[in-house]
Amino acid sequence: MNVVLWAVAVLLALVFLGAGAAKLAQSKEKLVASPSMGWAEDFPPVMIRAIGLLEILAALGLILPAAVDIAPDLVPLAASGLALTMFGAAITHSRRGELQSVVVNVILLALTVFVAWGRFGPHAF
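Note that our numbering has the sequence shown beginning at 490, numbered continuously upward.
Just so you know, the hints here were simulated from the structure itself, not pulled from any lab data. No residue lacks a Cβ here, since even glycine has one placed at the ideal position from N, Cα and C. Only true hints are included.
Across the chosen pairs, the derived CB separations fall in these ranges: (1) Pro524 - Pro611: 34 to 40 Å; (2) Val535 - Val504: 21 to 27 Å; (3) Leu543 - His612: 22 to 28 Å; (4) Val493 - Phe532: 31 to 37 Å; (5) Trp606 - Thr581: 22 to 28 Å; (6) Arg584 - Ser523: 17 to 23 Å; (7) Asp531 - Val492: 37 to 43 Å.
Use the sequences and the hints to build the structure in full.
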């Protein structure tokens with residue numbers, strides 16, 4: 490189970506590093522034009538950048554604390570933070586009628602909850 494938790498955490502870290510980097514690197518207009526980031530039109534640029542920064546920090550928090558064995562208790566906290574982020578994202582996409590994005594959010598939510606459960610509980614570091 491430890492290997493599965495690591496694999497899921499690495500997958501999530503890659504997804505959220507990419508998503509966070511896109512939110513930090515691209516302008517609001519470019520994000521709004523992309524098919525999966527239309528939600529950005531409802532948020533100010535500073536909020537979009539804050540979400541991107543938090544996604545990057547949480548992605549790093551999924552891997553680095555356990556990998557370097559410094560404060561590994563941060564891993565389930567990072568997963569929990571990403572779960573809350575995905576819950577909010579699912580609500581946002583649902584309100585906008587973007588059901589395909591809601592499905593992606595729910596899948597990512599389930600994966601982050603799985604990592605949080607595993608690292609808080611039976612497979613803690």
